Amino acid sequence: MYNIDLIETKILPHAIDLFSFCCSVYYKIEDHASYYRSTFTFPISKDCHLILRPTVATLTQADLPSSADCRVWFPATPDDRGLVVELERLNVPCTRGFVHFATTSNSSERTGGRHKLCGKLEELPNWERSIYFRETAKTAPVMHLHGSPTFTVSYRLVDHCYNITFTTAEGNFDLQPTGDLLCTFRIHLPYGNRVSLKLQVGDMNARDKAETVPDFQDLKNGVDPCLGLQLQLHDGDVRWSHCSKPGDSERLIDIVSKANQVTLQVTRDGTINDEALRLRISYRAEPIIGIVGSCGFGWVVLGQFCVTVMDQIKSSWEQAENECMRLGGHLVSVRSERDQKILDNLLTNSVGYRDHNAYWIGASDGAHEGDFRWSDGLPFSFSITGTFQ
1 MYNIDLIETK ILPHAIDLFS FCCSVYYKIE DHASYYRSTF TFPISKDCHL ILRPTVATLT
61 QADLPSSADC RVWFPATPDD RGLVVELERL NVPCTRGFVH FATTSNSSER TGGRHKLCGK
121 LEELPNWERS IYFRETAKTA PVMHLHGSPT FTVSYRLVDH CYNITFTTAE GNFDLQPTGD
181 LLCTFRIHLP YGNRVSLKLQ VGDMNARDKA ETVPDFQDLK NGVDPCLGLQ LQLHDGDVRW
241 SHCSKPGDSE RLIDIVSKAN QVTLQVTRDG TINDEALRLR ISYRAEPIIG IVGSCGFGWV
301 VLGQFCVTVM DQIKSSWEQA ENECMRLGGH LVSVRSERDQ KILDNLLTNS VGYRDHNAYW
361 IGASDGAHEG DFRWSDGLPF SFSITGTFQ
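Under the UniProt record's numbering, think of the first position of the sequence shown as 1, with each following residue one higher.
Check before you lean on any hint, since a few could be wrong.
Derived lysine to aspartate or glutamate pairs resembling EDC-like cross-links, with alpha carbons at most 20 Å apart [said to hold, decoys possible]:
(1) LYS258 x GLU286
(2) LYS116 x GLU128
(3) LYS314 x ASP254
(4) LYS314 x GLU275
(5) LYS198 x GLU128
(6) LYS258 x ASP344
(7) LYS138 x ASP80
(8) LYS198 x ASP159
(9) LYS245 x ASP180
(10) LYS258 x GLU170
(11) LYS116 x ASP355
(12) LYS314 x ASP174
(13) LYS120 x ASP355
(14) LYS341 x GLU318
(15) LYS258 x GLU275
(16) LYS341 x ASP371
(17) LYS258 x ASP235
(18) LYS198 x ASP180
(19) LYS245 x GLU170
(20) LYS116 x ASP80
(21) LYS116 x GLU88
(22) LYS198 x GLU286
(23) LYS198 x ASP269
(24) LYS120 x ASP174
(25) LYS245 x GLU275
(26) LYS198 x ASP174
(27) LYS138 x ASP174
(28) LYS116 x ASP79
(29) LYS138 x GLU170
(30) LYS120 x GLU88
(31) LYS245 x ASP269
Pair by pair, the computed Cβ-Cβ distance ranges are [unchecked claim]:
(32) THR152 x SER336: 45 to 51 Å
(33) ASP311 x ALA259: 18 to 24 Å
(34) PRO225 x THR150: 48 to 54 Å
(35) ASN322 x ALA259: 20 to 26 Å
Everything labelled a hint here was simulated from the structure, so no lab data went into it.
Values in this document were obtained by computation on a predicted structure and should not be read as measured data.
Each residue gets a CB set at the ideal place from its N, CA and C atoms; glycine is no exception.
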């Protein structure tokens with residue numbers, strides 16, 4: 001075994017290649033009089049690729065090198081934490097450039113257009129200014145900057161349950177946090193369903209048995225700081241809060257929502273050292289028969305038909321009609337103001353609804369231009385307004 005003493009490291013004077021870095025290392029082996037030199041050449045990427053290390057920071061165009069195209073990777077952690085990126089400033093003509101937020105998996109960028117942004121910040125809806133990545137360990141979030149946009153973004157790592165939405169007919173999950181925690185659970189069911197929610201919260205080691213609370217209104221206790229596990233429920237215009245502290249007996253709470261969605265925010269104060277506080281949540285859809293009738297989950301009754309909204313992918317009219325026919329139906333016919341009101345409620349209460357969305361219905365003039373007919377053969381006699389095409 002040899003002991004090597006590093007004598008000197010120098011950048012070679014002939015290293016004039018702008019896209020490589022050359023250096024030499026002078027060293028000697030202990031108890032030997034000879035000196036040795038090794039030369040290393042490291043290629044420098046011609047592209048702008050940056051990796052951010054801080055878990056919380058603000059970034060602007062002034063922090064980046066002058067480049068027409070740049071990719072910036074946000075920090076990732078092995079504990080499945082999420083990432084929130086807030087766009088605070090943006091100015092780039094859409095004909096010249098953009099800011100694109102995406103994820104990478106197996107070194108390939110997923111280039112979905114959902115978060116490809118350009119123009120001015122004031123022109124973007126609020127929901128496009130905040131980007132949430134649920135996981136950072138498996139799919140590293142990346143920001144692609146093209147055309148040297150003027151921008152400001154702030155980002156921070158968040159808990160794995162920072163923003164979770166449930167859309168199935170029923171579900172359940174448990175939480176037993178041991179440190180600081182901020183979780184937001186949204187239960188968003190299709191129009192025509194209420195949320196029947198059951199909560200069990202408290203210290204599972206408490207001697208007293210679980211106490212059943214029949215009405216969540218009785219649990220309002222203001223906004224005092226909670227040294228424990230705090231629940232905040234948002235149900236339309238109703239806000240309910242409950243604090244469960246170490247030693248508190250578990251409480252059983254049954255709630256039926258006003259509409260088709262509720263939001264439950266859960267926080268835990270990390271200064272307490274009790275690990276017995278837990279929360280059990282279960283829910284199921286409670287259909288409103290007057291709206292749903294005998295239709296299945298996600299469908300509402302419209303005359304003698306069942307209708308639903310399909311907004312997972314964009315498609316042409318022909319593709320949409322073919323998909324409906326595959327399911328045994330047709331694109332919907334709108335024959336009255338009552339029909340349109342039902343469909344408006346169905347659309348505006350759906351999970352994927354956005355103000356700028358447009359939806360296909362069964363009217364088409366494909367056979368004779370200007371002569372609109374319903375795809376299911378029903379007569380066309382009603383003038384439609386709103387978000388339909």
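Now the hints, each set against the structure:
| no. | hint | in the structure |
| --- | --- | --- |
| 1 | LYS258 x GLU286 | holds, 11 Å |
| 2 | LYS116 x GLU128 | holds, 9 Å |
| 3 | LYS314 x ASP254 | violated, 39 Å |
| 4 | LYS314 x GLU275 | violated, 47 Å |
| 5 | LYS198 x GLU128 | violated, 33 Å |
| 6 | LYS258 x ASP344 | holds, 19 Å |
| 7 | LYS138 x ASP80 | holds, 8 Å |
| 8 | LYS198 x ASP159 | violated, 23 Å |
| 9 | LYS245 x ASP180 | holds, 14 Å |
| 10 | LYS258 x GLU170 | holds, 17 Å |
| 11 | LYS116 x ASP355 | holds, 18 Å |
| 12 | LYS314 x ASP174 | violated, 36 Å |
| 13 | LYS120 x ASP355 | holds, 19 Å |
| 14 | LYS341 x GLU318 | violated, 25 Å |
| 15 | LYS258 x GLU275 | violated, 34 Å |
| 16 | LYS341 x ASP371 | violated, 25 Å |
| 17 | LYS258 x ASP235 | holds, 7 Å |
| 18 | LYS198 x ASP180 | violated, 24 Å |
| 19 | LYS245 x GLU170 | violated, 29 Å |
| 20 | LYS116 x ASP80 | violated, 25 Å |
| 21 | LYS116 x GLU88 | holds, 15 Å |
| 22 | LYS198 x GLU286 | holds, 13 Å |
| 23 | LYS198 x ASP269 | violated, 23 Å |
| 24 | LYS120 x ASP174 | violated, 42 Å |
| 25 | LYS245 x GLU275 | holds, 11 Å |
| 26 | LYS198 x ASP174 | holds, 12 Å |
| 27 | LYS138 x ASP174 | violated, 23 Å |
| 28 | LYS116 x ASP79 | violated, 28 Å |
| 29 | LYS138 x GLU170 | violated, 28 Å |
| 30 | LYS120 x GLU88 | holds, 11 Å |
| 31 | LYS245 x ASP269 | holds, 10 Å |
| 32 | THR152 x SER336: 45 to 51 Å | holds, 50 Å |
| 33 | ASP311 x ALA259: 18 to 24 Å | holds, 19 Å |
| 34 | PRO225 x THR150: 48 to 54 Å | violated, 41 Å |
| 35 | ASN322 x ALA259: 20 to 26 Å | violated, 33 Å |
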